[in-house]
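Starting from the given sequences, assemble the full structure and let the hints guide the process.
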Amino acid sequence: MKKSPLAVLAAIATATALALTGCVAGEDTPAEPAGPALGEDGWSADVLNIDFATYNPLSLIIKDQGWLEEATDGEVTINWIQSAGSNKANENLRNGAIDVGSTAGSAALLARSNGSPIQVIDIYSQPNWAAIAVPAGSDIESVEDLAGHTIAATKGTDPYFFLLQALDEAGVGLDEVTIENLQHADGKAALESGAVDAWSGLDPLLSTSVATAGTEIIYDNIDFNSYGFLNATETFLQNSPDLAQLVVNAYEAARVWALENPEETAAILAEVAGIDPAIAEAVLIDRTNLDLDGVPGETQRAVLEIIGPIFVESGDVANQQLIDQALDALFNPEYAEAADPDFFE
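The sequence shown maps to residues -19 to -1, 1 to 326 in mature numbering (1 follows the signal peptide of the UniProt record, and there is no 0).
Please note that a few of the clues may not be correct.
[As the list claims (entries may be wrong)] Capping the alpha-carbon separation at 16 angstroms, the derived lysine to aspartate or glutamate pairs in EDC-like fashion look like this: (1) LYS136 to GLU72; (2) LYS136 to GLU173; (3) LYS136 to GLU294; (4) LYS136 to ASP120; (5) LYS136 to ASP297.
Please keep in mind that the hints were generated in silico from the structure rather than gathered at the bench.
Structure, rendered in structure tokens:
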């Protein structure tokens, strides 16, 4: 590597400046980086637990390229833990199994609203990753037709919240459908076996089912998808701002790499997800926007302000005040603002 751990300090000077005021973050106050614990002898921690997920292509690039391992040069053990869905990433963030995890924006808001002390430090994608699908030959042709039927969805994830919004828009009450809480892969299997009538699915599993099982998408709406959020625990941000900045640097480097190497990115996704490269290319090209500003802020908040009241209506969050407090505490843009995508050159 060209840069030592100390080089990270310059990149996060802006991010840590506010911490010098002595403010202590509370549950409803964004946790500013508390100043790096890193000394001249190394990094602030000797272990970094971070997730990777097939719904987060940038995480796959970083893991494949080994940038974090190279940058820390054996001084930090990098543990990669796969997230099967946003709900699993949130569980691992809450119980401390990972320091950094990738979720849908809606799932991050839900977790924060229900007391999980996480903050979003980077936006990794603007995906159209959720849609409602039915088996080949189904007589269900619209969201309105779902009344009286069983739908698979993974609670706590974007496809679940996509489903709630779609049902609300169509005037179908939650008491008119049966929602089976199945993990994404299990929902796909249940749909293809006929165990459920519909599935609110997630890519790349969704596109794979369409290509291999003749599954039909009956409703698709990018506006009902929230962004891809990279989240970190407040404890991690307070104790290891240097490693947090390193991770965000890697994410922004991966974004550049993905845009410059679309075929290689698709190949990595295909290998990890176990899908055909053509399907991986379709997911990335047709249903995922990686060419966006990674700094979290008002654009993402505007989307979540629409989704938040649905949480309250569905009973996933107790009241709107918790939503409002979470929105005020969720975003921590300093790391993305200070990101250096050239760090790994």
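Results for each hint:
no.	hint	result
1	LYS136 to GLU72	holds (12 angstroms)
2	LYS136 to GLU173	violated (20 angstroms)
3	LYS136 to GLU294	holds (15 angstroms)
4	LYS136 to ASP120	violated (25 angstroms)
5	LYS136 to ASP297	holds (9 angstroms)
In this structure, the hints that do not hold are numbers 2, 4, in rising order.
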